[in-house]
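With chain A fixed as given, assemble chain B onto it according to the hints.
Residue numbers (UniProt numbering), protein chains in the order written: chain A, 1 to 398; chain B, 1 to 398.
Below, in silico cross-link-like pairs of lysine-lysine (BS3-like), each with a Cα-Cα straight-line distance of 25 Å or less:
id, chain 1, residue 1, chain 2, residue 2
1, B, K186, B, K137
2, A, K13, B, K227
3, B, K13, A, K227
Derived CB-CB ranges, DEER-like:
id, chain 1, residue 1, chain 2, residue 2, range
4, B, R379, A, E91, 27 to 33 Å
5, A, K27, B, N89, 18 to 24 Å
6, B, N89, A, D28, 23 to 29 Å
7, A, E40, B, Q364, 57 to 63 Å
FYI, nobody ran anything at the bench for these hints, they're computed from the structure. The beta carbon of each residue, even a glycine, is placed where N, CA and C say it ideally should be.
2 protein chains.
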Amino acid sequence: MNYRFSSRVAQLKSSAVRDILKLTQGKDMISFAGGLPAEELFPVQAVREAADRVFAAGPSALQYGLTEGYLPLREQLCERMAAKQMIVNPEQMILTTGSQQAIDLLIGVLTEPGDTILVERPTYLASLQVFALHGLKVIAAESDEHGIIPEDAERLIREHRPKLLYAVPTFGNPTGRVWSVERRQKLLSLCKQNQMPIIEDDPYGDIKFDEKDQFPTLFSLDGQVEKGAVFYTSTFSKTVAPALRTGWAMGDSGVIRMVAKAKQAADLHSSTMDQQILSQLLSGFKLDDHIRLISKSYGERMLEMHNLLKQQALKDVTWVKPKGGMFLWLELPDGLDAEALLRCAVQKGVAFVPGSSFYAENPQRNTARLNYTYNTGARTEQGVARFVEALGEFTARS
Amino acid sequence: MNYRFSSRVAQLKSSAVRDILKLTQGKDMISFAGGLPAEELFPVQAVREAADRVFAAGPSALQYGLTEGYLPLREQLCERMAAKQMIVNPEQMILTTGSQQAIDLLIGVLTEPGDTILVERPTYLASLQVFALHGLKVIAAESDEHGIIPEDAERLIREHRPKLLYAVPTFGNPTGRVWSVERRQKLLSLCKQNQMPIIEDDPYGDIKFDEKDQFPTLFSLDGQVEKGAVFYTSTFSKTVAPALRTGWAMGDSGVIRMVAKAKQAADLHSSTMDQQILSQLLSGFKLDDHIRLISKSYGERMLEMHNLLKQQALKDVTWVKPKGGMFLWLELPDGLDAEALLRCAVQKGVAFVPGSSFYAENPQRNTARLNYTYNTGARTEQGVARFVEALGEFTARS
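Just chain A, same shape as in the assembly (with noise of 0.2 Å):
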């Protein structure tokens, strides 16, 4: 049989990301590519202990559980996000396979096939095919180390009338920039003008070097939840582990339970099984020393990278040192095409992400984003040794 593919999701470019994974998986290959926290800083005792304590309660604890989440959980989060200034309560929020799928069904509830979204350039990769399959169209706003710029977010929504804004104001992926309170400030009041939604995403704001950073989110600011501007996401992927795949999306109750129903046909609810694991380590667990723990090491794995970048003096590499987060976001000398150059690289043994993945358009093809995360030591050394050498020899070819 000939199948007739949903044009769609044929047109859909696979991630990057995910497919250098899998080629590396198994192989001698140092890897900058993933967004993958540090394996040895998962806190396994703990989470066994919590998954314990899961199975003591009994047998209920491996039923069907309500679409919206489990209810203990969100009851800690919503706890957990007041400390944040979000106040929120538990029918304002609902959990999901991660904050992707945060994105994804916000995405569903917000926009029509064929409307117009905004973004940051560039911006989140993953996010970006999940605008392709609900057929948006992106445009993306210009961006300096302070964030978005808000005339040229002005501009264009004059221009296009977009439906709502996608952003990552908090060590944003892939560059790792904070917007600037300021910034943050003028687009949440652009967008109210236009009576446009925010979804702001925010996986990496717990990662942050300098504990004393206060960046306040879009959420915290608009300081209004029912028929309020932002829609927050978040995930346990950085702060506790990925394979417990639990992300949370809040707002307003109603645009939540229009969430709800899209998660029904999606997939009913997400695991059960990981969401009681995280409320049983909530409640033992001190998961604020956990992440002054893991920003800690992060911020010392960056500047191991950064230092032995900046050792090489390379010639027309640049970046800004971050403040938090898990990427270094290099611009390469002019006309130099990352991708070319990570077929270079990962016959040495490396892999980057090339940053044409986080453009919808257009994309500035001499940047690249290294993950500081996962490595660490004769790893990280032997990872950057790799990546020079294979930027030497290519910018000596190219």
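Then chain B, alone, in the frame of chain A:
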């Protein structure tokens, strides 16, 4: 801010079953509504030991996984499928968040909004939700106790040129019907002649009350995986436990790759914690013995409910005694609206699903789906008594 919702989501009815499940949580409500397995039969100890082995394997168990799912579990599943004459390799299989997600993703890959699809009348309500969300037009062929009626399917195919067939040929939801082998063969060749792929949804096939019964799947009858006509979906929710939310889809490897691309956008991957637990479970625990045990118990529970209803000699209430699965499908007196009956029944402390939920259009309102696997003994007795009381009162009123 006022939101403009996606028209498809806005028009979507919430699942009656899940809404009832929500209503009934924590109340003295005997629920025959959800398709819930019996909690006391969950293999809690075996799952717990399996989880222990996952944690003992070290921190990498908590890392991100492949979109296609944990490879060892796919390999084990391929062996299990081979024992049912379904010969597939891991590239022809993807693990999903329950079989619900498998259906959603396959529909996303194999249809365009506006396409028509063919189903059996009545059919699984959560699949109808998927079709609505994907903007599909649904046409339903009549069925009897031997399954979908080929002549009616043929007529509809000729008139509407549907893109594919969705079916639950073994222990259908809601009817519990089993398609005869002859009907299976006829539908299969009909679909092949018309270049229509089939999604064969088989969550209940293992739950059969007579071990000797053999119902060959459409997938095995087709016998062809690459370029094959059939995509098969199933789940561990009924045979192990729903909280582990692990289902799968299998078929042509090119289509499975497309499904993986769509899944990358939808949620990157499902819980690898759950997938690893299941993999460990399958290597130690005798799952087939467990399936025999629950099937035996469910057969007894079905008989309990069947006999209780039979004793009442209810006027103009008929049903076919199921050979497996989880549901009793009642036809109630002509003119009785089971949705109104439900409101009355819930006040008496018993819930079920009105049959109208299972029709894409022109619902047969005098039908009801009763689950018999969740309750037993005095609970079933009391629930049936309440149901009969509501029915009596209601028919007296109407």
